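So the sequences go chain by chain: S and C. Oh and the first sequence: position 24 is 24 in the numbering used here, straight run, nothing missing. Oh and the second sequence: position 120 is 361 in the numbering used here, straight run, nothing missing.
Watch out, some of these pointers could steer you wrong.
[Said to hold, decoys possible] List time: in silico DSS-like cross-link candidates among lysine-lysine, alpha-carbon distance up to 27 Å: (1) S:K207 / S:K178; (2) C:K374 / C:K260; (3) C:K332 / S:K178; (4) S:K91 / C:K419; (5) C:K448 / C:K419; (6) C:K374 / S:K133; (7) C:K271 / C:K246; (8) S:K4 / S:K30; (9) S:K30 / S:K62; (10) C:K419 / S:K178; (11) S:K207 / S:K154; (12) C:K246 / C:K448.
[Said to hold, decoys possible] Label pairs and their calculated CB-CB ranges: (13) S:A46 / C:L450: 26 to 36 Å; (14) S:S182 / C:S325: 42 to 52 Å; (15) S:V51 / C:E298: 46 to 56 Å; (16) C:P269 / S:D42: 55 to 65 Å; (17) S:N65 / C:F247: 26 to 36 Å.
These are calculated hints, taken from the structure and not from any lab test. Because the structure is a prediction, the values reported are computed rather than measured. Yeah, the Cβ is synthetic: ideal placement off N, Cα and C, and Gly gets one too.
Protein chains: 2
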Amino acid sequence: MKQKKFRTEHQQFVVEGVKVVKELLLSPYKVDAVYVLGEVADEIAAMSSVVPSIITEQQLQKISNLETPNNVLALASIPQSSFSFQQVKNKLSLALDTINDPGNLGTIIRTAAWFAMDTIICSPNTTDAWSHKTVQAAMGALFRTNVVYADLKKVVQEFNSAQTPVYATTLDGTDIYKTTLSPNGLIVIGSESHGVSPELLALINTKLLIPSFSSGAAESLNAAVAAGVVCGEFRRRVHSR
Amino acid sequence: MKQKKFRTEHQQFVVEGVKVVKELLLSPYKVDAVYVLGEVADEIAAMSSVVPSIITEQQLQKISNLETPNNVLALASIPQSSFSFQQVKNKLSLALDTINDPGNLGTIIRTAAWFAMDTIICSPNTTDAWSHKTVQAAMGALFRTNVVYADLKKVVQEFNSAQTPVYATTLDGTDIYKTTLSPNGLIVIGSESHGVSPELLALINTKLLIPSFSSGAAESLNAAVAAGVVCGEFRRRVHSR
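Please take these sequences and the hints and turn them into a complete structure.
Quick look at the structure:
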């Protein structure tokens, strides 16, 4: 389960720790197995649809990805969902183009959940949302978010055909604070090192810049922080109406 | 140099990689030594006030903190600066209460630099800004930012005495989008797990909340993302005037 090929083959992934496993158990995800230390067994069993297997600390240490395993480990099925324009056309969704860092992806999923953006469309080369690091960094938000992998060019073309707005964050975009923002549509966030890929960018009408207020130094924003600032600004506009 | 006790004793820290070392060499920081592979020696020497020592890949591998060392490693002096209210009273500054994660601290420093907040005041128990992980995550922004460690209660009291606004981000604050924000003052960001400490919070008049737009789930925001959303909103207000 620690390797992507096993996750792909079995379509299962691992969730660890009392807090995150509880969020899993409360979610619509299918839980296949739960391994638990005796001290939290009753608490977890009360929430779980499968009967937890009680294991020892030594056994947990062996199967855990964490340096300090935290009482419970669950095995769940990766949801088999695919992109549907009909489901998102009236909402605000996020698309991620080549996000490589698992921790960053998890933080972006958490951020999207905070701002009630419930669909995240990842480019096929974005890092695996069900990897250990991403699952733990997302802190339960993954289970409340519809994460799908799809060809972003096709996705953007569907939005374009339906005249539903698509935005990209770029370093040469128009000042987000001075641009009209729609309450629905798609926001594309690019990789930290290369931004949104040129072929994808060519299909996108509105390019947004988060203005840097610094005096010309070579500053950059972390992709998750950029996602937070952009999502916050979209939500503020609707909120302030 | 990999351990805090050595950094404290020698008041030096390590910077790695061509991009970040170049930012160091362009900054006011005192550089004490530069170790470089032959292939980038001329490029680095042209920018450096100290003569770089040319080393082999094997030697670099030995002294590097990175899994894949990147051509150059520099040793620089930790600046000996302390908090001065006079220097910041007309600016917007950031205070960090108990940020434990080195990567998060680096990302916050990067975010502050983007939004031109040039002073960051860390509580004494905030993780070391000159640790390897923080330096690398800050991506050069550390060298353009005045990072000081100080007792935040005393700092807040100085702001209060001078009637300069202090803001804290909390989960029971007033909606940031509906609160008057000052172009100068101090923004206090708390730890992810415990927020701003109660004793400090008791001294702070304005508590701000980034509204979650989700329907009541147990969402939370990463501390660096929260810092980005808050700093962006303060800057937007001044910008939109």
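Query - Hints the structure fails to honour - result: Per hint list: single violation, 12.
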